[in-house]
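Protein chains: 2
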Amino acid sequence: MTEFLSPQEAQQPHDHSRCVSHALDAAEQVCAREGARFTVLRKRVLELVWQSHKPLGAYDILETLSRDDGRRAAPPTVYRALDFLQEQGLVHRIASLNAFIGCASPEHRHEGQFLICLNCHIAIELDASAITQAIAGEANAHGFTVQGETVEISGLCAQCQEAA
Amino acid sequence: MTEFLSPQEAQQPHDHSRCVSHALDAAEQVCAREGARFTVLRKRVLELVWQSHKPLGAYDILETLSRDDGRRAAPPTVYRALDFLQEQGLVHRIASLNAFIGCASPEHRHEGQFLICLNCHIAIELDASAITQAIAGEANAHGFTVQGETVEISGLCAQCQEAA
DNA sequence: AGTAAAGTGTTATATGATAACAGCTCAATT
DNA sequence: AATTGAGCTGTTATCATATAACACTTTACT
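If you read the protein sequences in the order shown, they are chains P and C. Quick note on the numbering used here: the first sequence kicks off at 1 and runs consecutively. Quick note on the numbering used here: the second sequence kicks off at 1001 and runs consecutively.
None of these hints come from the bench; they were simulated from the model. Please note that the accuracy of each hint is not assured.
What the hints assert, rightly or not - Derived DEER-like restraints, expressed as beta-carbon distance ranges:
#, chain 1, residue 1, chain 2, residue 2, range
1, P, ARG37, C, ARG1109, 46 to 52 angstroms
2, C, PRO1013, P, GLN12, 53 to 59 angstroms
3, C, ALA1164, P, ARG109, 23 to 29 angstroms
4, C, SER1129, P, GLN8, 23 to 29 angstroms
5, C, GLY1143, P, GLU107, 38 to 44 angstroms
6, P, PRO13, C, ASN1140, 22 to 28 angstroms
7, C, LYS1043, P, ASP68, 48 to 54 angstroms
8, P, ASP25, C, ASN1098, 34 to 40 angstroms
9, C, ALA1164, P, ASP83, 35 to 41 angstroms
10, P, ALA32, C, ALA1164, 50 to 56 angstroms
11, P, ALA36, C, ARG1109, 56 to 62 angstroms
12, P, ASP83, C, ASP1069, 35 to 41 angstroms
13, P, GLN161, C, GLU1034, 27 to 33 angstroms
No experiment lies behind these values; they were computed from the predicted model shown. Each residue gets a CB set at the ideal place from its N, CA and C atoms; glycine is no exception.
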């Protein structure tokens, strides 16, 4: 079975069709395990989210569905699919961009942390325990119980720094 | 001169008028230092943002300006004031809530980290070097140059846990 | 086949943010 | 004190993101 690329690899040029097919395969498995219905629409939306390593807006997805698929789609159609995919841990929402990106490791539930390049707009997903631990420590010091974390770091990726 | 309250203190019942007046005083100083104009509108918007320790939406501010102040205000009026206040480091925007909150330490420039209570909606501002360091470490490991960070932790604050 | 639950289509609307231009205010200069 | 120009605010229109409510369809299960 193919593997998801590491953050380093995902930044380099690569055969992205493998990312997509692996993501869809992994999604099939997750949904099967959860007894969730991975419908044609949901699969297509996930495929579109995975069309690159850049976060994609809901209305971008909507436009593609209407234009390329000839599917009549209004916003709720897309948002419902995205809600489902988020519930299954297959996509993450990037709050600072109002956009969505495929999860790089859907087999275990987590909230990603993201490095977002201001130049090329790639979003590199991390799941760094060092960050989670630091947050947990601070939260604990304030008697705060963590339920969810939004960690979105903007800056320049390695590729774009070299180019500049 | 009064001081801003610590996160712990801000969560307790307190004389909030002191928070407001201190925030306005501090803002005067920051603007004076920067040679920026702290106009009536900007001051009033900052005061409204500081009306509690909960993030406030732009349209909430707008409504108050129109209703209580009898000031004719459209969205750009509020957003421009908020933009200015953010530039001066006097308010932070909470991306996950589309809302704004007064900065607890405007004397030095920073992006806050926030603990946001899902129950009472208070937002506790941190500036924890442990978190910043952890993020810097991970970013560095990926050759990523950090320019901005969004760290918003949702959960239950100490008060609300006790209550439950 | 019948039924209930889940999924999708459809219309309308809520919510958050910005573009573009007009008019006003105030501080610095003359 | 009058002038002037940059910066601030008002105003209208519009864009962008997201959800509510209800109808219809598909699916899984009996």
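Hints, verified against the model:
no., hint, in the structure
1, ARG37(P) / ARG1109(C): 46 to 52 angstroms, "holds, 49 angstroms"
2, PRO1013(C) / GLN12(P): 53 to 59 angstroms, "holds, 55 angstroms"
3, ALA1164(C) / ARG109(P): 23 to 29 angstroms, "holds, 24 angstroms"
4, SER1129(C) / GLN8(P): 23 to 29 angstroms, "holds, 27 angstroms"
5, GLY1143(C) / GLU107(P): 38 to 44 angstroms, "violated, 26 angstroms"
6, PRO13(P) / ASN1140(C): 22 to 28 angstroms, "holds, 23 angstroms"
7, LYS1043(C) / ASP68(P): 48 to 54 angstroms, "holds, 51 angstroms"
8, ASP25(P) / ASN1098(C): 34 to 40 angstroms, "holds, 36 angstroms"
9, ALA1164(C) / ASP83(P): 35 to 41 angstroms, "violated, 27 angstroms"
10, ALA32(P) / ALA1164(C): 50 to 56 angstroms, "violated, 37 angstroms"
11, ALA36(P) / ARG1109(C): 56 to 62 angstroms, "violated, 46 angstroms"
12, ASP83(P) / ASP1069(C): 35 to 41 angstroms, "holds, 39 angstroms"
13, GLN161(P) / GLU1034(C): 27 to 33 angstroms, "holds, 30 angstroms"
When each numbered hint is compared with the structure, violations occur for hints 5, 9, 10, 11.
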